[in-house]
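If you want the building blocks of each chain, they are given just below.
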Amino acid sequence: MRIPCPFCGDRDAREFVYRGDAAPRRPTADDEFHDYVYLRANPAGAMRELWYHAQGCRSWIVVTRDTRTHEIFGAELAKDAAR
Amino acid sequence: MTRFSILSLMKNAASGHRNWQPTWRNATPRPDYDIIVIGGGGHGLATAYYLAKNHGISRVAVLEKGWIGGGNAGRNTTIIRSNYLLPGNEPFYEWSMKLWEGLEQDLNYNTMVSQRGVLNLCHSDAQRDAYARRGNAMRLHGADAVLLDRDGVRRIAPFLDFDQARFPVTGGLLQPRGGTARHDAVVWGFARGASDRGVDIVQNCEVTGFLRDAAGAVAGVETTRGTIRAGRIGMAVAGNSSRVAALAGFRLPIESHVLQAFVSEALKPVIPNVITFGAGHFYISQSDKGGLVFGGDIDRYNSYASRGNLPAVEDVCESGMAIMPMLGRVRMLRSWGGIMDMSMDGSPVIDRAPIDGLYVNAGWCYGGFKATPASGWCFAHLLATGNPHEAASAYRLDRFRTGHLIDERGAGAQPNLH
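Taken in sequence, the protein lines are chains U and Y. Residue 46 in the numbering used here sits at position 46 of the first sequence, with consecutive numbering throughout. Residue 174 in the numbering used here sits at position 174 of the second sequence, with consecutive numbering throughout.
It cannot be assumed that every hint is accurate.
Stated by the list, open to error - Here are the simulated distance ranges between beta carbons:
1) U:7 x Y:32: 57 to 65 Å
2) Y:28 x U:28: 47 to 55 Å
3) Y:150 x U:54: 33 to 41 Å
4) Y:17 x U:4: 51 to 59 Å
5) Y:412 x U:25: 15 to 23 Å
I should point out that these hints are in silico values taken from the structure, not numbers from a laboratory. All C-beta atoms, glycine included, are put in the ideal place defined by N, C-alpha and C.
Just need the whole structure built from these sequences, with the hints factored in.
Rendered as structure tokens:
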């Protein structure tokens with residue numbers, strides 16, 4: 001599997017660290033932390049997920065990938081995705 | 001049902017083995033049942049078996065979207081053991097080990113349970129201390145554990161690379177009662193026992209939605225083979241847990257990940273028991289056909305693909321070579337992937353769902369096969385009585401909210417590290 005890093009281009013997935021679903025946002029209310037930390041949609045299909053290019057440009061990126069086929073639809077910098 | 005015995009074998013041999021009957025009944029679904037179990041893997045079938053046997057509830061349907069045992073029950077590395085540390089886990093897995101020990105007599109079916117021993121290697125003094133602690137915890141819960149020094153390990157497995165420069169073998173923790181079982185036979189044995197007691201096993205029947213009554217409780221399921229009603233529904237669907245939960249409108253503390261496993265060409269007996277590498281993640285045993293059955297880490301990204309990528313293959317093979325250089329000339333025959341329901345603390349859930357009448361059996365991570373009998377036993381108890389079984393009382397869904405996590409590895413809320 002190759003991850004299309006916005007800086008480095010297509011790179012082997014081994015250069016990246018996986019950090020899961022990009023959807024959860026850190027909440028402000030205490031009673032929302034359980035859902036934020038533990039509950040996941042875990043979709044079968046297209047999923048936006050965080051990858052860290054640890055052995056490359058060290059950017060956090062958001063990759064859109066199909067969990068059923070491993071097909072990758074695109075990637076963007078996490079700081080752009082967060083805007 | 002034909003009772004298998006030396007007499008039935010002789011009788012069928014005399015007629016040229018032409019009169020054996022199907023082991024279990026492939027049922028057409030009825031419109032309603034007392035209990036529906038979603039998922040015809042080891043856990044679902046064991047649940048149905050113990051519902052009928054222990055609780056006398058036989059108006060039960062097991063709904064399987066493909067064929068029984070075609071999911072993780074047919075994709076594991078067949079290891080059985082109860083070498084856990086934490087008090088929430090060890091009584092449950094030891095109960096499972098005890099059920100394995102009597103399973104063949106109970107089912108009247110040869111599940112090929114082989115208590116050849118599970119040997120965890122250690123590679124440092126610190127790791128040996130940790131194994132001593134784990135062994136003591138196991139013995140306190142009635143399991144067996146033997147701490148071995150280098151010579152003790154050498155007597156069992158002289159072929160290991162004891163003086164490997166980076167990870168020398170300093171000893172090991174042996175559970176002599178651990179071992180392997182034949183995965184398909186476990187599925188067929190439970191299916192036969194359940195079917196014989198009146199349970200309907202329905203294949204090619206995928207659940208596509210839940211029926212709810214006026215109060216919001218589950219009242220049945222929509223399936224690809226029509227509507228089936230029941231007031232109590234248990235889900236035991238492993239890697240698809242989140243998808244089935246989504247049909248009912250709730251989320252689980254679970255991610256699905258692909259775990260690959262491998263088998264080599266058949267060899268003469270070389271590996272006497274189950275051996276695991278302590279400095280990486282690698283476990284290996286030899287099947288009765290002679291193939292070396294082994295595996296390692298998951299691929300570490302969410303996946304429903306039932307196939308993995310090459311970096312994980314390379315990692316597993318490197319780990320194997322680090323302790324058993326003799327593997328270098330063995331040819332790999334097959335590899336495959338299964339979808340693991342990786343939970344947020346690495347431990348399973350056997351509990352009520354947030355919806356009345358629905359029950360969850362999920363989050364088994366890498367460890368579902370060894371748990372099969374006790375998982376079925378405890379899930380049947382929960383479905384029949386509405387209360388958790390004593391051995392599974394820690395496997396509550398709300399433990400993530402209350403903080404009573406069961407994190408053997410101490411890896412935190414990151415499923416791909418458990």
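- Message: Hint compliance check: list the failing hint numbers for this structure, sorted ascending.
- Response: none
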